[in-house]
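Engineer: Just need the whole structure built from these sequences, with the hints factored in.
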Amino acid sequence: MLSKTLNISTSPHIRSGTSTSVIMKNVVFALIPIAAYAVYAFGLGALFVLATAVISCVATEHVLCKLSGKESTISDWSAVITGLLLGLTLPPIFPLWMTFLGGIVAIALGKFAFGGLGYNVFNPALVGRAVLQAAFPVAITTWSEVFSDHRFSAISSSVLTLPFYEPVVDGNSGATPLSAFKFDQVSVSISDLAFGLTSGSTGETSAIVIIIGGIYLIVRKMMNWRIPISILGSVYALSGILYLIDNQLYPSPNFMLFSGGLMLGAFFMASDMVGSPITSCGVIIYGVFIGVVVVVIRIWGGLPEGVMYAILLGNALSPQIDKLIKPRVYGTSKSNSKL
Amino acid sequence: MLKISTHTFKHGIHPPEHKNDTNGLPIRQFPFAPVIILPVVQHIGAPSKIIIREGQEVERGQLLAKADGYVSVPLHSPVSGTVRKIQNVPTISGKMVPGIYLEPYPASGQEVMEGVPIDADTATKEEILQAIQNAGIVGLGGAAFPTHVKLKVPDDKRCEVLLINGIECEPYLTTDHRVMLEQADDIFMGIRYLLKATGAKRVIIGIEANKQDAANHLVKSIPGDLPIAIRVVPVKYPQGSEKMLITSVLDREVPSGGLPIDVNVVVVNVATTAEIGRLLPHGRGIQERVVTITGPAIKKKGNYLIPIGTPLRYVLQHVGMNEPISEVYMGGPMMGVAVSNLDISIVKGTSGILAFGNKEVIRTHKIYPCIKCGACVEACPISLNPSRLGILARFDAFDEMVNQYNLMDCFECGSCSYVCPSNIPLVQYFRLSKSLVRKRNAQTQTDAK
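Sequence order for the protein chains is G and C.
The numbering used here numbers the first residue of the first sequence as 704 and each following residue consecutively.
The numbering used here numbers the first residue of the second sequence as 1319 and each following residue consecutively.
You may find that some hints are simply not true.
So the derived list for chain G, only partly shown, Cβ under 10 Å to chain C, looks like this [claimed, not checked]:
# : residue
1 : M727
2 : V731
3 : M976
4 : G978
5 : T982
6 : S1021
Derived from the structure by calculation, the hints contain no laboratory data.
Just so we're clear, the structure is a prediction, and the values are computed from it rather than from any experiment.
We put the beta carbon where it would ideally sit given N, CA and C, even for glycine.
Structural biologist: See the structure below:
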C-alpha cells in the first residue's frame, strides 16, 4: 500500500465545505417561492417574464464564455440569480422581447464587461433593469391588476409584442401603491402590502415571502444580515421622523417599509456579496446609505420608487467604503490603520 | 472542573477536531527501525556540524553533530549502533541536506548515556540556557526554533509571565494532551528551569477546553512552591499561535513585527517544557519525541514515542493502513506539510503524521472567482483582508500588499483558505508573496551595500 505515488497539496488540507456554487444555488432556492408567488398573483404574464429573463441571462453567459474561449460558467448558478432578479423587477405584462434584451444587457454589460462573476461593480440585474427603464419608460411603468380573474386563462397582448414594436397598453393597468401615494395621495393598507394584494413588479408583491426567503439565507449564513437590517432600519427611522413631523404630507414608516421593491432590494439585491463592502462596519454604512437614498428619492424625487438607483449608488460606493473602512490589524496601533 | 475563561482573540475558526481517535490512547514506545536517518537540518538556523565519521560506533545519547553558532543546536544519537554512511538525505521541503545513516545494534539494551546534570536550584541563568542548547532542544510544537534563543531575554526587556502553551489547536493532534496527562512532573521540572532562565515571576499554562482532563490533572499536581496558574480557554483555531494565546490569556497584543517579549511574555510549548524537565537533570540530549499518528487511512492510530530519525516509511508500515494512502501530512491538517517522499525521517519538529486515503481527499476543488463574501475577513485572527490581498497577489501588487494591507503580519494559519467558498488558495498566495518580498528586500539590501 506504500508503493503508490503520493499526492501533494498545500496547506490547509481541510476545507469548511461551503462552495460558491452551493451559496448561489441556495439563493436560487430562496428566490423560487417569491417567483412562484408572483406567478400565483399575476398569472401567465409573470411566468413568461421570469422564464424569459432566466433563459436570456443563462444563454448570454454561456455564449459570451464560449466566444471568449473560456469554460462556460453557467454551472455556478449566478446567471440564474441575475435572471430571476431581473424578472422580479419587471412588470408582469412586460414585453418578452424587451425582457430578453434586458437579460442580455444585464449579463453582457453588468457582468461580463467587468470581467465576470466577482469583478462586477454593480448588481447585473439592476444594470439590466436600469437600461430597460431608460429605453422603455412607458412599458416598464405599465402594471397589471393583481389577482385578476383571468390571469391564468388570458395573457396581456403587451407581453407578446413583436420585437422592436411598441406594446399596446391594455385598459387593465393598475397603479402601484407608491405611485398612488405620490401622485394621488392614496395610501394602501399594510396587510395588503404584506400579502401582495397590490399591483407592482412581479417580485414586489408579498413582503412576507421575501422575508422568509431572506431569513432562510441568513440562517444558513449565506447572507450578511447586516445589509437588509441596516437598509430597512434606516428607511424606517428616517421616514418615521418625517412622519412624526407631518403625518399628512409624509407616508407612514410601515408603508415605506412594505411598499415597492424595498424588501426585494434589501434582501436580495443590495445583499449581493460582490457589490457590497466586505467588512461588517462597511456593510452597515452601505446599508444606511442605501436606506437614506431610498427615502430621499421616494419623498423628494420625481420618481415614485428609488430602490434600484439607491442600490446602484451603494454598489458604486462600496469599493470606496472598503478602502476607507479597514479593521485595525492585530498588533498595530489605531493611528497606523488608515481610517 | 476548572472554569473556562470567556476572553479570547478576535475571529478564528472551528474546524472539526477529530481528536477523539487518539486522545484516550496513552503514549506508547515505538520500536527501533533497522536504519535511522538523521538530517543535520532539523531546526531553524545553521545546520549542525557532524563530528563523527563513517564506520564509527556510537552510543545512544552520544553527540553526533554540534551546534554551529548561536542559532543552532546539536544532534544526539537516538540509538546505540554503527554509523553506516554520511551522505545527503531528503527532507520534507524536497531539499537534500547532509545526514547520518545509523544502524542500531539489534540486541542492545539501548541504555542512554548520562551527561553532566544541571541543577535547577543552583545553576545560573546562563548555565541553564547553555544546557538547553546542549540538549538540542527546539520548539516541539512544530516550529523547531532553537529554544535557548527564544528564552534569552534581551537586556533592555523584562519577562514577567512565562506562558506554557498547551493549546494544541490543530485538529487530529493529541501529543500535547497526552504529555500533560502523563508527564506532569517533567513539565513542572521544566518550568523550574524556565523560570530561572527567563526571570519570569509567574507561570500560566494555557489549555483549550477540549482538554479539561489534562487541566484538572495538572491543577492537582502543581508543586506548592511554584507560582503556576492554569487557564482553560474556549476551543478555537489558531489559538496555539503565540500571539493569539497571549491575547486570549493575558489580553495583550504583540506589536506588529514584534515578539512576545515586547509585551513581557515568553511562550514555550508544553512538550518542549517537559523535554527540558526530563533531559536537563541528566545532562542528556533529545533522542525521541511524541508523535500523533492518525488519519482515516491509519490502522493503529495512537500517540507514539518515536526515535528521532525513524524513516516515515517504516513508521507507516509499522502502524499499518486500512486503504491505499493518497496524501500524508507532517504536522496538523491546517499548517502541516504534505509529504512527497516517504524516505524522509521523523525530525524534532514532527508533531503528527496524518494519512488520508483516496476517499477522504477531495481533489476536485473547483476554484471560483472571489465573490467578496467576507468569510475570510471574519476568519482572519489578525484582521487582515485576505480577499483583497488575494486579488492583489494575482496582479503581483506586492508593494500595496505590504504597505496598505499588512501582508507581512500574516502568519499563514490557513483560516482564510479553510473558509473560502471559492476554494481560492489564499494562504499559498501569501506564502509565495511573502517569500518574494523577502527575497526582493534582501536583494535591495545587498545592492545598497
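Engineer: Each hint needs a verdict: does it hold in this structure or not?
Structural biologist: Hints, verified against the model:
1. With 10 Å as the threshold, the beta carbon of G:M727 comes within range of chain C, its nearest partner Cβ sitting at about 8 Å, so the hint holds.
2. The closest approach between the C-beta of G:V731 and any C-beta of chain C is roughly 15 Å, which is over the 10 Å cut-off, so the hint fails.
3. Nearest Cβ of chain C to the Cβ of G:M976: about 5 Å, under the 10 Å cut. The hint holds.
4. With a least beta-carbon distance of about 8 Å to chain C, the hint placing G:G978 at the interface is held under the 10 Å criterion.
5. A cut of 10 Å between beta carbons decides the hint on G:T982: the least distance to chain C is about 6 Å, and the hint holds.
6. A cut of 10 Å between beta carbons decides the hint on G:S1021: the least distance to chain C is about 9 Å, and the hint holds.
Figure legend: structure checked against the earlier numbered hints; the only hint not met is number 2.
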